[in-house]
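Asks: Can you build the whole structure from these sequences, using the hints too?
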Amino acid sequence: KAGVTQTPRYLIKTRGQQVTLSCSPISGHRSVSWYQQTPGQGLQFLFEYFSETQRNKGNFPGRFSGRQFSNSRSEMNVSTLELGDSALYLCASSPALRTENTEAFFGQGTRLTVV
Amino acid sequence: TQLLEQSPQFLSIQEGENLTVYCNSSSVFSSLQWYRQEPGEGPVLLVTVVTGGEVKKLKRLTFQFGDARKDSSLHITAAQPGDTGLYLCAGARGNKLVFGAGTILRVKS
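From first to last, the protein sequence lines are chains X and Z. So for the first sequence, this note's numbering puts the first residue at 12; every next one is plus one. So for the second sequence, this note's numbering puts the first residue at 510; every next one is plus one.
Wrong hints could be hidden among the right ones.
DEER-style ranges, computed between Cβ atoms [claimed, not checked]:
no.	chain 1	residue 1	chain 2	residue 2	range
1	X	Ser-62	Z	Ser-536	27 to 33 Å
2	Z	Lys-565	X	Phe-80	35 to 41 Å
3	X	Gly-73	Z	Gly-562	27 to 33 Å
4	X	Phe-80	Z	Lys-605	32 to 38 Å
5	X	Val-126	Z	Arg-615	28 to 34 Å
6	X	Arg-84	Z	Lys-568	31 to 37 Å
7	X	Leu-22	Z	Arg-602	45 to 51 Å
8	Z	Leu-554	X	Arg-41	24 to 30 Å
None of these hints come from the bench; they were simulated from the model. Virtual Cβ for every residue (Gly too), placed ideally from N, Cα, C.
Replies: This is the structure in structure tokens:
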């Protein structure tokens, strides 16, 4: 059974540009969550999608957005990139909408560098 | 300010030594999870603890959830180089996971 697949693995962008990251969850999983990981802040929750609807959102500016398609694949978009957006972006999938004990299966992440 | 404080931040030990990593909070969590993350990879779930006072063992790893469900510890016995990685605790607040900053463990052979 294939794991969570994130593309691309590495990305270099210039300040002011926008970027789209992709996540394919484990087959049969319907919930996709996105996290930003930086050395200073650790893992920070961005948002969760389930059945093509955003169900939860973290404390990130509106420049960060996402969507989920009918096949549960998800994309995350960051507009007007800033240097501080450089991070490892992780996607996690779960069989259903997250509850307290739900296990999250993480992808390898996309390393975004903004120059 | 991190909702979940992990200590120590860094740990470098020799193969065969024992170690304990702590995860503390002033808040109550309905459950707590421990993950290990290796360089270039995403975090992998090790265990979920749910009941206050619960102890779970996974080979050489022992996980404990505090009685008040505000803290947890991970104890590794006879550490091996393969244990090297970033250990993250994550608390469940409703349907959100809140992560600690992590403990970087390096086990030297």
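Asks: So, for every hint listed, does it hold in this structure?
Replies: Verification of the hints:
no.: 1; hint: X:Ser-62 x Z:Ser-536: 27 to 33 Å; in the structure: holds, 30 Å
no.: 2; hint: Z:Lys-565 x X:Phe-80: 35 to 41 Å; in the structure: holds, 37 Å
no.: 3; hint: X:Gly-73 x Z:Gly-562: 27 to 33 Å; in the structure: violated, 43 Å
no.: 4; hint: X:Phe-80 x Z:Lys-605: 32 to 38 Å; in the structure: violated, 23 Å
no.: 5; hint: X:Val-126 x Z:Arg-615: 28 to 34 Å; in the structure: holds, 30 Å
no.: 6; hint: X:Arg-84 x Z:Lys-568: 31 to 37 Å; in the structure: holds, 35 Å
no.: 7; hint: X:Leu-22 x Z:Arg-602: 45 to 51 Å; in the structure: violated, 31 Å
no.: 8; hint: Z:Leu-554 x X:Arg-41: 24 to 30 Å; in the structure: violated, 18 Å
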